[in-house]
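**Q** Go ahead and model the full structure; you've got the sequences and the hints to work with.
Numbered by my numbering, the letters in the sequence shown go through residues 107 to 403 in order.
What the hints contain is simulated information worked out from the structure, not anything from laboratory work.
Hints may be right or wrong, so weigh each one.
[Stated by the list, open to error] Below, in silico cross-link-like pairs of lysine-lysine (DSS-like), each with a Cα-Cα straight-line distance of 27 angstroms or less:
no. : residue 1 : residue 2
1   : Lys274    : Lys230
2   : Lys152    : Lys230
3   : Lys240    : Lys230
4   : Lys304    : Lys391
5   : Lys152    : Lys206
6   : Lys304    : Lys152
7   : Lys206    : Lys240
8   : Lys274    : Lys206
[Stated by the list, open to error] Pair by pair, the computed Cβ-Cβ distance ranges are:
no. : residue 1 : residue 2 : range
9   : Asp194    : Ala118    : 23 to 31 angstroms
10  : Asn203    : Arg271    : 41 to 49 angstroms
11  : Asn209    : Thr379    : 54 to 62 angstroms
12  : Ala267    : Tyr348    : 21 to 29 angstroms
13  : Thr379    : Ala189    : 42 to 50 angstroms
Virtual Cβ for every residue (Gly too), placed ideally from N, Cα, C.
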Amino acid sequence: MKNLLKLAALTAVISAFVSCSNDDDFDNTIVTGTQAALDQACLDWKTARANWENSEAFLFGAADVYSIDPHTDTWPVAANDLAQVLRDENAMGNLDNFIKTANSGILGYHGLEYVLFRQGQPCKIDQITNLEYKYICAVAKDLYNATATLEAAWDSHETNAERQRIAKDYVATHLAIDDEGNQEGTLAGFQNFGKAFKTPGTGDWATALEATLEIISGCQDIIGEVGDSKIGLPYTGEDATYIESPYAYNSITDFYDNIVSCKNALYGSMGATAPNEKSIIYFCKNAGNTTLANQAN
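**A** So this is what it looks like as structure tokens:
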């Protein structure tokens, strides 16, 4: 929910910080607007980014099945491809549809980052062109829709009809993405992962043990990714360009938030300072098993 609110703010700020030209000629003009509004968009990006990275241990279920994670958080950004798109007015003639099926390496958080930041600081307002502005408006909207879909898919009570509508449209119009970033056909129909997780045997998890192990596996996966890939590849020199957030200089914060995401998953809620009574850690401490209790401390 925090990320939905912050992405809504980001979308609104981006949409408001300029007034674009309507010239029919090739639109490479510079936008007009305030630097303060652009600076705020960058702050909102960092907050939304933190909320996302704080949930990375929970990238199973909807984030995986609907390819939400690769669609919104593929990196390193495909800088050459994105630079070409940002200069191609024809490619951006129907941005909303283009983004639904575009190369994931030019979308999401890092597509926005590429335009909004320069060397760790907000870009200067007079450096952003109309085409870039139009692009980030569309990407921010798509990012909001992806996050709304994720929230709706885990809401076991289906409390928000608008997010349910967004989610069903999202899975009907976006494409599946494989582990290599390649598109591989349509997405599966919308389903409620929250209900399935709470009632094993009705969905992807046959037993409560399977659901529990999924949480633990999610933590193991992101810890491995941070150590082996996010830090390991550039540190060892195997791939010096494998930097997660190079334009915002946000990578170290990303790594920290990824580890915090494991704490959130194991403690049972975002920002928890102690395990809640329904969490894995609470169970381990109070199951009457000395070995489990010692390992949980």
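**Q** A separate judgement is required for each hint: does it hold in the structure or not?
**A** Comparing the hints with the structure gives:
{"no.": "1", "hint": "Lys274 / Lys230", "verdict": "violated, 38 angstroms"}
{"no.": "2", "hint": "Lys152 / Lys230", "verdict": "holds, 17 angstroms"}
{"no.": "3", "hint": "Lys240 / Lys230", "verdict": "holds, 16 angstroms"}
{"no.": "4", "hint": "Lys304 / Lys391", "verdict": "holds, 21 angstroms"}
{"no.": "5", "hint": "Lys152 / Lys206", "verdict": "holds, 23 angstroms"}
{"no.": "6", "hint": "Lys304 / Lys152", "verdict": "violated, 32 angstroms"}
{"no.": "7", "hint": "Lys206 / Lys240", "verdict": "holds, 15 angstroms"}
{"no.": "8", "hint": "Lys274 / Lys206", "verdict": "holds, 14 angstroms"}
{"no.": "9", "hint": "Asp194 / Ala118: 23 to 31 angstroms", "verdict": "holds, 27 angstroms"}
{"no.": "10", "hint": "Asn203 / Arg271: 41 to 49 angstroms", "verdict": "violated, 18 angstroms"}
{"no.": "11", "hint": "Asn209 / Thr379: 54 to 62 angstroms", "verdict": "violated, 40 angstroms"}
{"no.": "12", "hint": "Ala267 / Tyr348: 21 to 29 angstroms", "verdict": "violated, 41 angstroms"}
{"no.": "13", "hint": "Thr379 / Ala189: 42 to 50 angstroms", "verdict": "holds, 44 angstroms"}
In this structure, the hints that do not hold are numbers 1, 6, 10, 11, 12, in rising order.
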